[in-house]
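A.B. asks: The primary structure of each chain is shown beneath.
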Amino acid sequence: MPTSTALPAPAAAEAALASGEAMHALLARLFPICRSLTGNGVRETLAIVREYLPELQVHEVPSGTPALDWMVPAEWNIRDAWVKNAAGERVIDFRAHNLHVLQYSTPVRGWFSRAELEEHLFSLPQQPDLIPYRTSYYQPNWGFCLSHRQRQQLQEEHYEVCIDSTLDESGALTYGELVLPGASEEEVLLSCHCCHPSLANDNLSGLVVAVFLMQELARQPRRYTYRLVLGPGTIGSIVWLSRNPEAVGRIRHGLVLTLLGGPGGFTYKQSRRATAEVDRAAALVLRDSGTTYEVRPWLPYGYDERQYCSPGFNLPVGCLSRTPFGEFAEYHTSADNLSFVQPAQLVESLRLAEDFCAALEANRTYQNLSPYGEPQLGRRGLYKGVGGGQEGADWQMALLWLLNLSDGSHNLLQVAEQSGLGVALLHRAARALETAGLLQPL
Amino acid sequence: MPTSTALPAPAAAEAALASGEAMHALLARLFPICRSLTGNGVRETLAIVREYLPELQVHEVPSGTPALDWMVPAEWNIRDAWVKNAAGERVIDFRAHNLHVLQYSTPVRGWFSRAELEEHLFSLPQQPDLIPYRTSYYQPNWGFCLSHRQRQQLQEEHYEVCIDSTLDESGALTYGELVLPGASEEEVLLSCHCCHPSLANDNLSGLVVAVFLMQELARQPRRYTYRLVLGPGTIGSIVWLSRNPEAVGRIRHGLVLTLLGGPGGFTYKQSRRATAEVDRAAALVLRDSGTTYEVRPWLPYGYDERQYCSPGFNLPVGCLSRTPFGEFAEYHTSADNLSFVQPAQLVESLRLAEDFCAALEANRTYQNLSPYGEPQLGRRGLYKGVGGGQEGADWQMALLWLLNLSDGSHNLLQVAEQSGLGVALLHRAARALETAGLLQPL
Amino acid sequence: MPTSTALPAPAAAEAALASGEAMHALLARLFPICRSLTGNGVRETLAIVREYLPELQVHEVPSGTPALDWMVPAEWNIRDAWVKNAAGERVIDFRAHNLHVLQYSTPVRGWFSRAELEEHLFSLPQQPDLIPYRTSYYQPNWGFCLSHRQRQQLQEEHYEVCIDSTLDESGALTYGELVLPGASEEEVLLSCHCCHPSLANDNLSGLVVAVFLMQELARQPRRYTYRLVLGPGTIGSIVWLSRNPEAVGRIRHGLVLTLLGGPGGFTYKQSRRATAEVDRAAALVLRDSGTTYEVRPWLPYGYDERQYCSPGFNLPVGCLSRTPFGEFAEYHTSADNLSFVQPAQLVESLRLAEDFCAALEANRTYQNLSPYGEPQLGRRGLYKGVGGGQEGADWQMALLWLLNLSDGSHNLLQVAEQSGLGVALLHRAARALETAGLLQPL
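Protein sequence lines, in the order shown, are assigned to chains A, B and C. Note that the first sequence covers residues 1 to 442 in this note's numbering. Note that the second sequence covers residues 1 to 442 in this note's numbering. Note that the third sequence covers residues 1 to 442 in this note's numbering.
In isolation and in its complexed conformation, chain A is listed as follows:
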């Protein structure tokens, strides 16, 4: 059921193509940057995002700042890293792929026996051509990630190792934030982690969808205020939560956007509340989308919804992705690259995110102003003329369902659930009934 576009089909397809290419272009530009929890990679990334969303605020939070039960870590930056053989050749080279370095590796320089080096190597015997992505944020360590094939070629007795990184206790954690005010102060939170280096689906895809969604929302009238938070995983949302108690109190709905560029079907993971409005909206939008999807129950493992849904906050924040983490072969490897994420997949994800926001915007509770018997729709031009046939059009049913359930205790999403009718159709029907003086939003 088409929902938001008023363009004729060929023009819409052309626009989608253009969007997809524009989205992928942004993703390709961000891909080579070596992001981490902190550091210049995040700053560079957010600077590029500001070209798309000029109002984006970039916050710097000093290392050592307490944040809930945590503390902002030292800032990590890396200039170069390599392992050289006796001949002085780089047999592992950070410049070739930034996944080669264990994230947050401490600086190291020296000769190591192969046995010593092996304890600092990470590879995937089952996927011997791929470089894994590994981190050691909170436990000081150094290491290299490499393909298993490359690892097996390391046959010399000693290697020279260099990791030219810095861990700066007087550095900062960087995150981006953009607020689009709406008619109401009530907020919809959109959150993406931006701490992963050259991984296209995880999570440049979520970031790119969020950026284009905010551009689109900026062009529309908004009932809700929308807030985008782009920060490093876990510590980013913890820092944001610790610094924004008032905004936390205004969040009515929220969505973590991640893994939105791959080829798989969609997955919505429910918030801890399981039946919050965000959960119903997401399930309905997916139901109406015609795409393959799955709704999964809450799990206290995953992305930043873990923090938003911790019991003290218990915010209604779900998580929208395509195939979830760990369930596709490319996950956290060098195969999560620019060809794994396709423009059409990004556009489809963007449309779904737009429909999700549209469903929240549309979700009002109406009161039927003529609740005794059915109002006579015919004389208001809302009913077909010749009766007795079996047309039973969705439009007629949308009118009847809205009138029947608008007793002040069913909102539009609940009407969509009970009737099986699309949210967008019901929204149009509700507006027609409102215009006819038969419904009134509470």
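Where hints are given, some of them may not hold.
Calculated from the model, a selection of chain A residues having no Cβ within reach of chain C, i.e. all distances over 12 Å [claimed, not checked]: (1) Pro10; (2) Gln220; (3) Arg306.
Which residues of chain B face chain A? A few of them, derived with a C-beta cut under 10 Å, are [as the list claims (entries may be wrong)]: (4) Thr234; (5) Ser242; (6) Pro297.
Keep in mind that the hints were calculated from the coordinates and are not lab data. Beta carbons are placed, not taken as given, at the ideal position from N, Cα and C, and that holds for glycine.
On the provided structure of chain A, position chains B and C as indicated by the hints.
C.D. replies: Same frame as chain A, now just chains B and C:
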């Protein structure tokens, strides 16, 4: 599980045969009458019903009377209608079948080109031998319904058209009403639409079942007061609701009876409340019946339950039918005739409606007067003598379930649901326990 | 998932073997005794149990004592019983098998025609080699149970009959009771019927499991007080309930143990409350056990849970068995013998009963003391070091689930239900979090 009859099986079969024939005879007598929303066809129908139910009240409500959001329409009557060819032969003739005229056709007389006439013709290309049933109650129009084959034979350039109808603004809407007082003022509403012309299943079948059910109820002691309303679809129930606010407040359960003569299995459509006592009673009676059936959720489309279940009233009124409207090929065509409705089908529907009323009558909440441990049934003659075997008869289980759940918060229908035992069996067991001083109705 | 044992696997297997043999030895010792509702067989049985549980109290309640709606019956004892043919040979002999006598047979002595005798014989035509078990506790009668083959050999015209029994109105009903005090006065009730004669599974198996369970519980620290009641079916629990109103008020959970020695899978029958803590604990322990099992809804037929769950008491008492009564061929026949009940089956049942008690002991409601965001587990040594991989160990998930759901409204069993994780694992994780100062029991 047999419930209400105490006759031995052959006598019961004979009585059923006689009932079926009597029911079908009434249906056959009513079939040729041209009923509509208003007019003499309804009056003639109700006059025949009064031969069966002499206490039936016939109400006349003047055209133009406001009723909730509606207004009683002008009274429509028709004497004749035809389309003649150049040779003066009737090529469409109301006297051959009263479905030939679009219901509520405005009067018309004159010559029309074939193209002009075509805009006023209704046929069914997919069922080329059947005349469809069509109405235009609230949008002035005229028209003829005919078989597609007949339509294809209209090859002349011009036809003479006559519809000798009247739309009388000073006429009336006619409906029938019968109240059978019971021990309580609380009411069970039974409602049938009686506005369709020569259609046997829709809804002479419902009317005939209701008439014989009221005859049967009149012969029995009644806990509830039963009210039958026979009126035109939609406007009839709206008029009744608008004129009877006090009776509306006394309705505890209600059932729309329709499409009860065809060969299909039974369908119970839940009231808007979904879990009202009427919904549980109907589901249990169907479960216990041994027939094919389906329970469907509430839908704000269908028959007069749409009005009874509008949110302002929200009455617990379900709808009992066999195959629902639009789901059998004969629906709203000339094939819905006297051979489509068979006596045995009418009798089976009547039995089910009787069992439904019996379930409502039987549904009390009991208090176990010996609730600490099981009472010793043996010394009260309610338990088998030699133990250790595996008889586990339903009767014993009925006693145990009633004793166990009669804590004042389970009524008999809930015991039937939880135990899987029949309503009639539990009713007999409850009376045995009441006689033994172990149960007391609240 | 191993729960309670800390022994290495081979030692555990050896201990299990020893337990099974010890359990079966007790069962074999009790098997030949002719127990009934009352009488010396019960006394002898309880005297042997006291060798295992020296603190067991043996109560004698005089015949004629009122108990709820019942009265303690006359005490029944039997010395001998036989049917002799004309040659004076015992063709049915109580000394060969105590099932041969209808329980509670009144004394009889004399010659009977075969037709007269036949009215007092019970056999199983479908299982012609087995002796059935039959009773006539509350309706005076006498009779013999015998294999159908044996019955068919009775071809003489007259037989001499002797049942040398006594029904003593000044006798008593005997039951056993053992209380193991815990930290709290709140009680867990364990109940077994001990009224059946030589039937091994029904219910010496339950009794033996209960005896060994109480021995095990006696060796452990206990949060709850545990009470074991060993009495005759129905009247035993009724007598106990009538005499212990204060203890009744302290029962928080209860389990009837029966039919625990056969080869079938486990069956848990829910209490009348259906979702009581006992019901959740039993379902989870079965789910975690890796064995075949079934959870069945409440039914007011079965064992002493009928009395505990009568509506006046409505205690949260379920019933744990293997294949339920009446669903295995050996039920209530001479085939329910010492070879039907195997040591390994008894041990498996004992383990399950122990895990059930452990689940109740473990079930606390915790409060997360660091509920805003996730607490940083890493610095408390509760989290793995190198991230990015997909280990997702159950231990980590147990920590996360407990932290996430410990908002004061989920107890540990509910966390086990929602997470799918084992009760024992969650219990260990909860203690680790408590030690780390992150959780506190309410």
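A.B. asks: Against this structure, judge whether each hint is valid.
C.D. replies: We went through each hint and held it up to the structure:
1. With a cut of 12 Å on Cβ distances, A/Pro10 stays outside the contact zone with chain C, its closest approach being about 44 Å.
2. With a closest Cβ-Cβ approach of about 33 Å to chain C, A/Gln220 is found to remain outside the 12 Å limit, as its non-interface label requires.
3. With a least CB separation of 6 Å from chain C, A/Arg306 falls inside the 12 Å interface cut-off, contrary to its annotation.
4. At a threshold of 10 Å, the smallest CB-CB gap from B/Thr234 to chain A is about 8 Å, leaving the interface hint in force.
5. A hinted interface residue such as B/Ser242 counts as satisfied when its beta carbon comes closer than 10 Å to some beta carbon of chain A; here the least separation is about 8 Å, so the hint holds.
6. About 8 Å separates the beta-carbon of B/Pro297 from the nearest beta-carbon of chain A, less than 10 Å, and the hint is met.
In summary, the one numbered hint that this structure violates is 3.
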